[in-house]
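Protein chains: 4
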Amino acid sequence: MRKIIIGVMGRGENATANDLQNAYTLGQLIAKQGWVLLTGGRNVGVMDAVNKGAKSADGLTIGILPGDYNQDGISPSVDIAIFTDMGNARNNINILTSDVVIACGMGAGTASEIALALKANKQVILLTNDEEGKLFFKKLSPENVHIVESAENAIATAKAILY
Amino acid sequence: MRKIIIGVMGRGENATANDLQNAYTLGQLIAKQGWVLLTGGRNVGVMDAVNKGAKSADGLTIGILPGDYNQDGISPSVDIAIFTDMGNARNNINILTSDVVIACGMGAGTASEIALALKANKQVILLTNDEEGKLFFKKLSPENVHIVESAENAIATAKAILY
Amino acid sequence: MRKIIIGVMGRGENATANDLQNAYTLGQLIAKQGWVLLTGGRNVGVMDAVNKGAKSADGLTIGILPGDYNQDGISPSVDIAIFTDMGNARNNINILTSDVVIACGMGAGTASEIALALKANKQVILLTNDEEGKLFFKKLSPENVHIVESAENAIATAKAILY
Amino acid sequence: MRKIIIGVMGRGENATANDLQNAYTLGQLIAKQGWVLLTGGRNVGVMDAVNKGAKSADGLTIGILPGDYNQDGISPSVDIAIFTDMGNARNNINILTSDVVIACGMGAGTASEIALALKANKQVILLTNDEEGKLFFKKLSPENVHIVESAENAIATAKAILY
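Residue numbers (the working numbering), protein chains in the order written: chain A, 1 to 163; chain B, 1001 to 1163; chain C, 2001 to 2163; chain D, 3001 to 3163.
Think of the hints as simulated: they come from the structure by calculation, not from any bench. For glycine and all other residues, C-beta sits at the position ideal for the given N, C-alpha and C. Don't take each hint at face value.
Straight-line Cα separation of at most 25 Å, PhoX-like style, residue types lysine-lysine; simulated pairs [to be verified]:
#1 C:K2003 x A:K138
#2 A:K134 x C:K2138
#3 D:K3159 x D:K3052
#4 A:K138 x C:K2134
#5 A:K139 x C:K2139
#6 B:K1159 x B:K1003
#7 B:K1032 x B:K1052
#8 B:K1052 x A:K3
#9 C:K2003 x D:K3003
Okay, the calculated beta carbon distance ranges per label pair [as the list claims (entries may be wrong)]:
#10 B:Q1033 x D:I3161: 45 to 53 Å
#11 B:Y1163 x D:I3161: 46 to 54 Å
#12 B:N1121 x A:P142: 44 to 52 Å
#13 C:Q2071 x D:K3138: 43 to 51 Å
#14 A:I4 x B:K1003: 46 to 54 Å
#15 A:K159 x B:M1001: 25 to 33 Å
#16 B:N1121 x D:E3152: 31 to 39 Å
#17 A:V44 x C:Q2033: 54 to 62 Å
#18 A:S56 x C:N2153: 26 to 34 Å
Pulled from the structure, derived: some chain B residues nowhere near chain A, Cβ distances all over 12 Å [to be verified]:
#19 G1012
#20 E1013
#21 T1016
#22 A1017
#23 K1032
#24 Q1033
#25 T1084
#26 K1134
#27 H1146
#28 A1156
#29 Y1163
Excised from the complex, chain A in its bound form (with noise of 0.2 Å):
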């Protein structure tokens, strides 16, 4: 029976210690709600967080990578390996997949997956202090962007919008 995936995107070599506390705690609650984490897979920033602490509560974790199987860089704490040798093209089979998607702080990679989330008029959640992107993005699509101040409010929203 299909799983429900939540999707977490942030940056991955420049992510803010905000940024990675938030992560390891969303990666946590995501574990304890029983759903599955999906993230880009590498072993860096947002990514790498996130899967830890899903780890931490026995989730299961899925990363959708941008390179082939002969690639490093993958997070240790991903269960299942998707290779997809798309590069950022990738991202749009991430926020596909994702029943609901958290944005994690912000970033070029990020921005691109809250704007193809929006295209496929998926529900996203902002968890960033990246202010000029909160009214960038809510004001392209009022509907479908929530903006949320803690990872505990972001699992309530992705509760609201699931249930």
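Got chain A sorted already, so can you dock chains B, C and D onto it with the hints?
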């Protein structure tokens, strides 16, 4: 920790009764090994039968779908549905993600997956009575193509490749 | 010998009259420079208008279509129709292929293309009256985002980037 | 107005002298028909030879590259370089975009393109001395596979398909 993923490829609409029986048995045996099953995820033919077999033995099943999340036609035995919206280009993800590829039967889509797997230097197990296909692919890549006569034989060959 | 390709991105269904006028002028000016025009290829909105402009000045036009060759909805002003069958994942091809990316107007798809372009370290020219979008993207990538006020200004900026 | 596009597929690194000669002639003849040539775009093997042939007769050439715009290895005879960054998944774009697909020689990549073309219900012309390949694909799709003995014969067959 990364799980071992076995991809089973085969016809959707025009699978033979023999293909379907082999697929169901492959699914059961893959699950009993503790491996994750990967397919194209649709609710027809080999994809559906192998997923049913895996679920009958409490396996974990991934479907890499050609369409997006609005589509019908997902096998109800798929646990984790990855939506690519890439049509048959998703065949390359199928084979890159599989630690071993098993072709169960033959058709144009299956042939594309065998060929893409060989191009990516993956090991491929052929369980089919398509004699021309066996001759062609074995000549194309003598070292990476393994011809077997039964589902049990396919699993034994996969174990020899993996361990 | 490789030709210079300029990508023009913008809304399909909900383009404004101002976007369409800018798009038509951009197409004309791109063709007059001897550059090849690249768009998403559909027969609506900015895509269609910019292709019409380019053809009015005898330009060469490429459309990177989201669907396959059976689909309707191709701009009749597209010379070379590339069928990806990848939906919005084709947006990454649009920006990787363009020597310079021009966003004409704003929307979710356009925002995804701007973000993917910045992720790929491409130069992006914004011709839009979406003030939140300009603030957001300029902060995200101050060096690679160029804000302009007219089609003529966009072309002058593209020339400065290219030569 | 949409131009007719003929895709020529064949080996990169391991093309035979016969394949290269056929490819060069195919390129010339395609250009003389006023058709656009599409290939995988790399600077080796059949891809490079057919592009050279087309340019010798003033044709227009498109290369659908597996990598991104930073890569080396583009055939200098490619006019329009489309960067997919999708590896071999770009093979599906090659065949969807081609009005007729010609396989010149045989290899794993070429076999994947033939198979993907047949899956998409495209007409495929085989110009190869791989006897197993001809038997396999002709049986797989008797109506859509056309076996020819020379470049000239391939072009005559393409004309019969197109007009």
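Structure-based check of all given hints:
1. C:K2003 x A:K138: Violated, because 39 Å separates the two Cα atoms, which is more than 25 Å.
2. A:K134 x C:K2138: holds, 14 Å
3. D:K3159 x D:K3052: Since the Cα atoms of K3159 of chain D and K3052 of chain D sit roughly 22 Å apart, the hinted pair holds (cutoff 25 Å).
4. A:K138 x C:K2134: This hinted pair holds, its Cα atoms lying about 14 Å apart.
5. A:K139 x C:K2139: Holds, because 17 Å separates the two Cα atoms, which is no more than 25 Å.
6. B:K1159 x B:K1003: holds, 14 Å
7. B:K1032 x B:K1052: holds, 13 Å
8. B:K1052 x A:K3: Holds: K1052 of chain B and K3 of chain A sit about 16 Å apart, inside 25 Å.
9. C:K2003 x D:K3003: The hint holds at about 18 Å.
10. B:Q1033 x D:I3161: 45 to 53 Å: Once the Cβ atoms are compared, 47 Å apart, the range 45 to 53 Å for I3161 of chain D and Q1033 of chain B holds.
11. B:Y1163 x D:I3161: 46 to 54 Å: holds, 49 Å
12. B:N1121 x A:P142: 44 to 52 Å: holds, 49 Å
13. C:Q2071 x D:K3138: 43 to 51 Å: violated, 29 Å
14. A:I4 x B:K1003: 46 to 54 Å: violated, 19 Å
15. A:K159 x B:M1001: 25 to 33 Å: holds, 29 Å
16. B:N1121 x D:E3152: 31 to 39 Å: holds, 36 Å
17. A:V44 x C:Q2033: 54 to 62 Å: For V44 of chain A and Q2033 of chain C the Cβ distance comes to about 41 Å; the hint is violated.
18. A:S56 x C:N2153: 26 to 34 Å: violated, 53 Å
19. G1012: holds, 19 Å
20. E1013: Its Cβ never comes within 12 Å of chain A, the nearest being 22 Å, so this holds.
21. T1016: It holds; T1016 of chain B is separated from chain A by about 28 Å at its closest Cβ, greater than 12 Å.
22. A1017: holds, 27 Å
23. K1032: Non-interface label on K1032 of chain B holds, nearest chain A Cβ at 19 Å vs cutoff 12 Å.
24. Q1033: Holds, since 16 Å exceeds 12 Å.
25. T1084: The assertion about T1084 of chain B is violated, with a minimum of 5 Å to chain A.
26. K1134: With a cut-off of 12 Å, K1134 of chain B remains clear of chain A, as the shortest Cβ separation is near 25 Å.
27. H1146: holds, 19 Å
28. A1156: Fine: 23 Å to the nearest Cβ keeps A1156 of chain B off the interface.
29. Y1163: With a cut-off of 12 Å, Y1163 of chain B remains clear of chain A, as the shortest Cβ separation is near 17 Å.
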